[in-house]
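Asks: Heads up, the sequence shown is in our numbering, so the first residue is 1 and it goes up one at a time.
Hints listed in this document are in silico derivations from the structure and should not be mistaken for laboratory results.
Just so we're clear, the structure is a prediction, and the values are computed from it rather than from any experiment.
Be a bit skeptical, because a hint or two may be false.
Unchecked claim - Calculated cross-link-like contacts (lysine to any residue; reagent style SDA-like; alpha-carbon spacing at most 20 Å): (1) K86 x H144; (2) K237 x G213; (3) K86 x Q42; (4) K237 x Q42; (5) K126 x E109; (6) K120 x R91; (7) K121 x P101; (8) K86 x W98; (9) K86 x R218; (10) K126 x W98; (11) K86 x S243; (12) K120 x P101; (13) K237 x W98; (14) K126 x R89; (15) K121 x H144; (16) K237 x L90; (17) K168 x S49; (18) K168 x Q42; (19) K126 x P101; (20) K237 x R218; (21) K237 x L198; (22) K237 x K126; (23) K121 x R143; (24) K168 x L90; (25) K86 x P101.
Unchecked claim - Here are the in silico distance ranges between beta carbons for each label pair: (26) R37 x G100: 48 to 54 Å; (27) T63 x K120: 24 to 30 Å; (28) A189 x G113: 20 to 26 Å; (29) T63 x P164: 36 to 42 Å; (30) A41 x G100: 30 to 36 Å; (31) S75 x G242: 15 to 21 Å; (32) P197 x G242: 32 to 38 Å; (33) P141 x P185: 41 to 47 Å; (34) R207 x D52: 34 to 40 Å.
Just so you know, even glycine gets a beta-carbon here, dropped at the ideal spot from N, CA and C.
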Amino acid sequence: MRSINAHPFGGRAIFCLALLFLSGCAAPRPAVPPVERFDQAQIERALSSIRDAQQRVRAFFCTGTLLVRENDGESTLRILTLGTRKPFRLRVEVSHPWGGPLFHLLLRESTQGLISFSEKKYYTWKGGLEKVPRFFPGPIPVRHLWGLLQGRPVLYQGLRADSPTPGKIALRDEHGRVLQVLYLPGPDAPPVALEYPLMGLRVAFSRLETEAGIPHARQITVRHHPSGRRIRIRVTKMVFNGSIP
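With the hints as constraints, model all of the structure from the sequences given.
Replies: Right under this line is the structure:
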């Protein structure tokens with residue numbers, strides 16, 4: 001394998017990653033919101049719970065299936081994800097149902113890599129996912145992807161929070177722009193969806209459960225509204241804070 005800059009990438013590698021993050025499956029709708037908007041104390045309680053879960057995850061390991069709908073039908077692939085918070089590492093392996101590898105995505109704080117087994121090449125680039133917008137439905141921060149693949153939301157820091165409508169918490173920057181919207185059935189319940197309005201991106205969390213005291217979803221559905229494309233990950237096994245190779 002050889003190492004080159006991130007652009008231009010081979011078409012087959014682009015196709016594989018585009019399918020991983022953009023292809024179609026039906027996204028579940030959030031649960032019916034409560035009657036009232038959340039007050040400030042409820043907002044702080046909900047956000048503190050989410051951030052506490054973020055801090056408690058030092059490492060994770062996950063296996064599951066990736067459902068991808070193409071023009072000629074639906075494909076089921078295998079997906080394995082693992083990562084550590086310190087040092088920050090994230091690895092995503094996607095393979096055929098019979099076990100043959102398609103590609104490995106290797107993410108770190110600044111240097112990223114992609115192994116394309118179909119092309120027999122290794123691509124590297126500097127920076128975050130915004131450097132490769134064709135691969136992802138918007139410039140998703142690398143650390144947010146690390147949380148989303150665990151079936152949990154990751155929040156931006158230092159934003160103002162309010163509840164514009166029942167069942168929603170909006171996180172705004174200093175200009176009042178909404179960067180994230182959380183959907184919760186209650187202030188003490190895990191979120192059932194997370195939106196990035198400026199990216200046109202929506203992530204739905206379903207089949208919620210708790211592992212090692214950490215709430216997470218066993219099903220994650222990602223939808224990119226501008227393209228209408230979706231993917232769904234169904235978790236078979238999730239392990240938090242175990243030994244990561």
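Asks: Next step is simple, just say for each hint if it's right about the structure.
Replies: Hint check results:
Our distance criterion of 20 Å between C-alpha atoms is met by K86 and H144, whose separation comes to about 15 Å. For the suggested pair K237 and G213, the alpha carbons sit about 15 Å apart, so the restraint of at most 20 Å is met. With a C-alpha separation of about 31 Å, the suggested pair K86 and Q42 falls outside the 20 Å cut-off, and the hint is violated. Note on K237 and Q42: the hinted pairing is violated, with a Cα-Cα distance of about 32 Å set against a maximum of 20 Å.
Between K126 and E109, the direct Cα distance comes to roughly 9 Å. Compliance with the 20 Å bound is thereby established for this hinted pair. For the given pair, K120 sits about 18 Å from R91 by alpha-carbon distance, which is consistent with the 20 Å threshold. Of the pairs offered as hints, the one joining K121 and P101 holds, with about 13 Å between alpha carbons and a cut-off of 20 Å not exceeded. Annotation: proposed proximity of K86 to W98 is violated, straight-line Cα distance about 33 Å (limit 20 Å).
The straight-line distance between the Cα atoms of K86 and R218 is roughly 24 Å, outside the 20 Å bound, and the hint therefore fails. Under the criterion of a C-alpha separation no larger than 20 Å, the hint pairing K126 with W98 is inconsistent with the structure, at around 33 Å. Restraint check for K86 and S243: satisfied, since their Cα atoms lie roughly 13 Å apart, inside the 20 Å limit. For the proposed pair K120 and P101, the alpha carbon gap of about 11 Å is at most 20 Å, so the pair holds.
Taking the CA atoms of K237 and W98, the gap is about 18 Å. The hint holds against a cut of 20 Å. Annotation: proposed proximity of K126 to R89 holds, straight-line Cα distance about 14 Å (limit 20 Å). For the suggested pair K121 and H144, the alpha carbons sit about 27 Å apart, so the restraint of at most 20 Å is broken. Note on K237 and L90: the hinted pairing holds, with a Cα-Cα distance of about 17 Å set against a maximum of 20 Å.
Taking the CA atoms of K168 and S49, the gap is about 15 Å. The hint holds against a cut of 20 Å. Taking the CA atoms of K168 and Q42, the gap is about 11 Å. The hint holds against a cut of 20 Å. Using a Cα cut-off of 20 Å, the hinted pair K126 and P101 is violated, with the two alpha carbons roughly 24 Å apart. For the hint linking K237 to R218, the alpha-carbon distance of about 9 Å falls within 20 Å, and the restraint holds.
The suggested pairing of K237 with L198 is violated, with an alpha-carbon distance near 32 Å, which exceeds 20 Å. The suggested pairing of K237 with K126 is violated, with an alpha-carbon distance near 31 Å, which exceeds 20 Å. At roughly 25 Å between alpha-carbon atoms, K121 and R143 are farther apart than 20 Å, so this suggested pair is violated. With a C-alpha separation of about 30 Å, the suggested pairing of K168 with L90 is violated against the 20 Å cut-off.
About 27 Å separates the Cα atoms of K86 and P101, which puts this hinted pair outside 20 Å; it is violated. A hinted range of 48 to 54 Å holds for the C-beta pair R37 and G100, which are about 50 Å apart. The hinted range of 24 to 30 Å is satisfied by T63 and K120, whose Cβ atoms lie roughly 25 Å apart. Checking the proposed 20 to 26 Å range against A189 and G113 shows it is violated: the Cβ atoms sit about 38 Å from each other.
Between T63 and P164 the C-beta distance comes to about 38 Å, which sits within the given range of 36 to 42 Å. Taken as a hint, the range 30 to 36 Å is violated for the pair A41 and G100, whose Cβ atoms sit roughly 53 Å apart. Take S75 and G242: their Cβ atoms lie about 30 Å apart, and the range 15 to 21 Å is violated. A hinted range of 32 to 38 Å holds for the C-beta pair P197 and G242, which are about 35 Å apart.
The beta-carbon spacing between P141 and P185, approximately 26 Å, falls outside the hinted interval of 41 to 47 Å. The supplied range of 34 to 40 Å is broken by R207 and D52, whose beta-carbon atoms lie about 22 Å from each other.
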